[in-house]
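**Q** With chain A held as given, fit chain B onto it using these hints.
Number of protein chains: 2
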Amino acid sequence: MQGNYRALWLSDAMFDECLEVIDQRQLPFVYDTKYLTNTQEVVNAIKNMTVRGAGVIGSVAAFGIYIAAIEVDGDYEALCEKAVLIRESRPTAVNLMWAVDTMMEHLEGSDDVIEDARAFAIELNDKEAQESKKIAEFGCDIIEDILKKSGKTKINILTHCNAGWLAVIDEGTALAPIYEAKRRGIDVHVWVDETRPRNQGASLTAWELSQSGIDYTIIADNTGGHLMQHGMVDMVIVGADRVSANGDAANKIGTYLKALSAYDNGVPFYVALPMSTFDFEIDEGLKEIPIEQRSADEVVFIKGIDAEGIVREVRITPQDSKALNYGFDVTPARLITGLITNRGVCKADFDEIKEKLRG
Amino acid sequence: MQGNYRALWLSDAMFDECLEVIDQRQLPFVYDTKYLTNTQEVVNAIKNMTVRGAGVIGSVAAFGIYIAAIEVDGDYEALCEKAVLIRESRPTAVNLMWAVDTMMEHLEGSDDVIEDARAFAIELNDKEAQESKKIAEFGCDIIEDILKKSGKTKINILTHCNAGWLAVIDEGTALAPIYEAKRRGIDVHVWVDETRPRNQGASLTAWELSQSGIDYTIIADNTGGHLMQHGMVDMVIVGADRVSANGDAANKIGTYLKALSAYDNGVPFYVALPMSTFDFEIDEGLKEIPIEQRSADEVVFIKGIDAEGIVREVRITPQDSKALNYGFDVTPARLITGLITNRGVCKADFDEIKEKLRG
Numbered sequence: 001m002q003g004n005y006r007a008l009w010l011s012d013a014m015f016d017e018c019l020e021v022i023d024q025r026q027l028p029f030v031y032d033t034k035y036l037t038n039t040q041e042v043v044n045a046i047k048n049m050t051v052r053g054a055g056v057i058g059s060v061a062a063f064g065i066y067i068a069a070i071e072v073d074g075d076y077e078a079l080c081e082k083a084v085l086i087r088e089s090r091p092t093a094v095n096l097m098w099a100v101d102t103m104m105e106h107l108e109g110s111d112d113v114i115e116d117a118r119a120f121a122i123e124l125n126d127k128e129a130q131e132s133k134k135i136a137e138f139g140c141d142i143i144e145d146i147l148k149k150s151g152k153t154k155i156n157i158l159t160h161c162n163a164g165w166l167a168v169i170d171e172g173t174a175l176a177p178i179y180e181a182k183r184r185g186i187d188v189h190v191w192v193d194e195t196r197p198r199n200q201g202a203s204l205t206a207w208e209l210s211q212s213g214i215d216y217t218i219i220a221d222n223t224g225g226h227l228m229q230h231g232m233v234d235m236v237i238v239g240a241d242r243v244s245a246n247g248d249a250a251n252k253i254g255t256y257l258k259a260l261s262a263y264d265n266g267v268p269f270y271v272a273l274p275m276s277t278f279d280f281e282i283d284e285g286l287k288e289i290p291i292e293q294r295s296a297d298e299v300v301f302i303k304g305i306d307a308e309g310i311v312r313e314v315r316i317t318p319q320d321s322k323a324l325n326y327g328f329d330v331t332p333a334r335l336i337t338g339l340i341t342n343r344g345v346c347k348a349d350f351d352e353i354k355e356k357l358r359g
Numbered sequence: 001m002q003g004n005y006r007a008l009w010l011s012d013a014m015f016d017e018c019l020e021v022i023d024q025r026q027l028p029f030v031y032d033t034k035y036l037t038n039t040q041e042v043v044n045a046i047k048n049m050t051v052r053g054a055g056v057i058g059s060v061a062a063f064g065i066y067i068a069a070i071e072v073d074g075d076y077e078a079l080c081e082k083a084v085l086i087r088e089s090r091p092t093a094v095n096l097m098w099a100v101d102t103m104m105e106h107l108e109g110s111d112d113v114i115e116d117a118r119a120f121a122i123e124l125n126d127k128e129a130q131e132s133k134k135i136a137e138f139g140c141d142i143i144e145d146i147l148k149k150s151g152k153t154k155i156n157i158l159t160h161c162n163a164g165w166l167a168v169i170d171e172g173t174a175l176a177p178i179y180e181a182k183r184r185g186i187d188v189h190v191w192v193d194e195t196r197p198r199n200q201g202a203s204l205t206a207w208e209l210s211q212s213g214i215d216y217t218i219i220a221d222n223t224g225g226h227l228m229q230h231g232m233v234d235m236v237i238v239g240a241d242r243v244s245a246n247g248d249a250a251n252k253i254g255t256y257l258k259a260l261s262a263y264d265n266g267v268p269f270y271v272a273l274p275m276s277t278f279d280f281e282i283d284e285g286l287k288e289i290p291i292e293q294r295s296a297d298e299v300v301f302i303k304g305i306d307a308e309g310i311v312r313e314v315r316i317t318p319q320d321s322k323a324l325n326y327g328f329d330v331t332p333a334r335l336i337t338g339l340i341t342n343r344g345v346c347k348a349d350f351d352e353i354k355e356k357l358r359g
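Top line first, the protein sequences correspond to chains A and B.
Once you know that position 191 of the first sequence is 191 in my numbering, the rest is easy, because the numbers rise by one and skip nothing.
Once you know that position 350 of the second sequence is 350 in my numbering, the rest is easy, because the numbers rise by one and skip nothing.
For reference, chain A alone in the conformation it holds in the complex:
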């Protein structure tokens, strides 16, 4: 596998420079990359979830504009048409639209659309990597603090879903402080919620942590409460898909249950996010953030690898059973100990968030 722990990078393996991405659909069973050499391949990779994770989708879209610019020989008018295709590949992803729009605004009137697209995609990517680095540092300060107060020599952190370098450039949000902890020589162990129904924890987070040399243990989503009751979790860090003005946090379904349990057992519960995840258009997340209902097939079928090394999909319910599948839930601000942002840590509270947004 590649050694730089990124979900995507520029490659000169093809005639023109192209984008190389980890095929996340096949993890953790097969490590494979795909070359994205034209607009259609970029669109497909986003659509079929070869790449996923808010930040990574945004980055693929930004570099996708560069790939498309090569394809149309730097013709801005032609590029606009390609940009629409990329922008619409997953219509609900805010980062995707933002990345495409920002790229296209920047390129309007450019003398060298191809070169400018390349430079600006790298710039956007670096900006996000910088945000991740700040989240890592601010989050790790909290880890150090909790470890010091506990009097223990090892810290146990629980996380839900995947908010690491497979999801957000460069080291993710929720996992970034954990990577930083390793660099600072802190003995850290991660409880990885498997995160049904899509199992992003058991597949992506577990794989990512193992690649990064972080000690971890996979648990069923049902297990975290028991661990917290018995002092086996020192803190929880999760990512977020959207945080409203009052500090309510939408994240992967099941996050709310872990927040309840953390609160009930006095375990610090942190949400890590870049400033762009705040949505001040929404006052109260619990009431207003729309929750995506996804295919029941994600509950009914599961993918794994058999004893012969063949990846197979099997049905785990009775035939014709109904299933319901919400992608996210909203954790009320009152259950959140703090928000770890690239501008520092604040309470999940209107005034504190507003102050951070002012910068």
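Just so you know, these hints were derived from the structure itself, not from any lab.
Because the structure is a prediction, the values reported are computed rather than measured.
Wrong hints could be hidden among the right ones.
Put simply, identical chains are the same to the list, so a pair is met inside one copy or across any two.
Listed below are the simulated EDC-like cross-link pairs for lysine to aspartate or glutamate, each with C-alpha atoms no more than 16 angstroms apart in a straight line [as the list claims (entries may be wrong)]:
#1 Lys182 - Asp145
#2 Lys148 - Asp187
#3 Lys303 - Glu313
#4 Lys356 - Glu88
#5 Lys154 - Asp141
#6 Lys127 - Asp279
#7 Lys322 - Asp215
#8 Lys322 - Asp279
#9 Lys322 - Glu298
#10 Lys182 - Asp215
#11 Lys347 - Glu88
#12 Lys182 - Asp141
#13 Lys354 - Asp283
#14 Lys34 - Glu17
#15 Lys34 - Asp16
#16 Lys356 - Asp279
#17 Lys182 - Glu288
**A** Okay, now just chain B, sitting in the frame of chain A:
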């Protein structure tokens, strides 16, 4: 399939009368029964989880003594040796030991060990069925009450794991009130937690409810909190493996998280159990009930059926990932709205439980 919705029954399919049981390891993919015709087959069926569920294991053990009595031609001394084998087939199951001991005490000095074993096993079984029937009635009174107060025409009940007729004779504990609701003409819908890692909800409860014509929907264990936040759950009913003197309830891992969520959203949370599940030797369940740690393989591997109808086991985590697997957790009494017992409903509280135990 058999039409009487029981997990086991006497059969004259063989030369001597024998015990026929549903092979629960193959559900929901294959409906198959096994004939238990001698002690070794009874022991194996309990050991390899052909049969599971506290009540059902006890019933199989009681009838197992009858099968063993036929095997030894009614010789009590020889039967004692067989009884030890059955008693030790799953050493931690309280109902199993109780059933074997009760049978053997009853048979001591009997003139017709075989006939008496048959009659007494049926008597014990009927007693348990009677308890299930009382739980059904008391529980259904609560369902009617909640439905009336809600002003709705349909009630949505969430359950975790399997506590129906596949687990406890005759209609289970948590599911018994739901079967009674159907008989009373109440429009009832069940949210079935899939119940990772062994998936007793998605496999056993879903199958059992579909056989019984009850409307249900399978959800990932992560989903219940979101449903409760949005008024989609009117009550929760779960079973219990052990309830301590103060009302703390040990049940399948993940129950505690649903209790927290029910409490947070004002959703009534009930535990259904026969009086025999109370353990007055234990004062505080959360501190004292020992929690079984089971094989990590239950988290790492999952069984399902593929498109060709072949049942396969696949690994769903990266190779060599560590996993941790606790079988149960303890829900503190403060989160429990009430206990539905065969002697009526009471609070999860020392004095009320004591009064019920006095009878």
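**Q** None of the hints should be skipped; say for each whether it holds.
**A** Status of each hint after checking the structure:
When the C-alpha separation of Lys182 and Asp145 is checked against a cutoff of 16 angstroms, the pair qualifies only within one copy, where the shortest distance is 15 angstroms, while the shortest distance between copies is 55 angstroms. In this assembly of identical chains, Lys148 and Asp187 lie within 16 angstroms of each other by CA distance solely inside one copy; the values are 12 angstroms within and 55 angstroms between copies. For a Cα distance limit of 16 angstroms, the shortest separation of Lys303 from Glu313 qualifies both inside one copy, at 4 angstroms, and across copies, at 10 angstroms. When the C-alpha separation of Lys356 and Glu88 is checked against a cutoff of 16 angstroms, the pair qualifies neither within a copy, at 31 angstroms, nor between copies, at 63 angstroms.
Taking the shortest alpha-carbon separations for Lys154 and Asp141, only the intra-copy value of 15 angstroms comes in at or below 16 angstroms, while the best inter-copy value is 51 angstroms. In this assembly of identical chains, Lys127 and Asp279 lie within 16 angstroms of each other by CA distance neither inside one copy nor across copies; the values are 20 angstroms within and 60 angstroms between. Taking the shortest Cα distances, Lys322 and Asp215 sit within 16 angstroms of each other only across copies (9 angstroms), while inside one copy they are farther apart (38 angstroms). For the identical chains of this complex, Lys322 and Asp279 are neighbours neither inside a copy (34 angstroms) nor across copies (38 angstroms), given an alpha-carbon limit of 16 angstroms.
Within a single copy, Lys322 and Glu298 get their C-alpha atoms as close as 12 angstroms, which meets the 16 angstroms cut-off; across copies the closest is 24 angstroms, which misses it. In this homomeric assembly, Lys182 and Asp215 come within 16 angstroms of each other (Cα to Cα) only inside a single copy, at 10 angstroms, whereas the closest approach across copies is 50 angstroms. For the identical chains of this complex, Lys347 and Glu88 are neighbours neither inside a copy (35 angstroms) nor across copies (55 angstroms), given an alpha-carbon limit of 16 angstroms. Within a single copy, Lys182 and Asp141 get their C-alpha atoms as close as 12 angstroms, which meets the 16 angstroms cut-off; across copies the closest is 56 angstroms, which misses it.
For a Cα distance limit of 16 angstroms, the shortest separation of Lys354 from Asp283 inside one copy, 12 angstroms, qualifies, whereas the shortest one across copies, 49 angstroms, does not. Taking CA atoms no more than 16 angstroms apart as the test, Lys34 paired with Glu17 passes inside one copy only; the shortest distance there is 13 angstroms, against 64 angstroms between copies. Taking identical chains as interchangeable, the C-alpha atoms of Lys34 and Asp16 lie at most 16 angstroms apart only when both belong to the same chain, with a minimum of 15 angstroms there against 65 angstroms between chains. Taking CA atoms no more than 16 angstroms apart as the test, Lys356 paired with Asp279 passes inside one copy only; the shortest distance there is 13 angstroms, against 53 angstroms between copies.
In this homomeric assembly, Lys182 and Glu288 never come within 16 angstroms of each other (Cα to Cα): the closest approach is 38 angstroms inside a single copy and 36 angstroms across copies.
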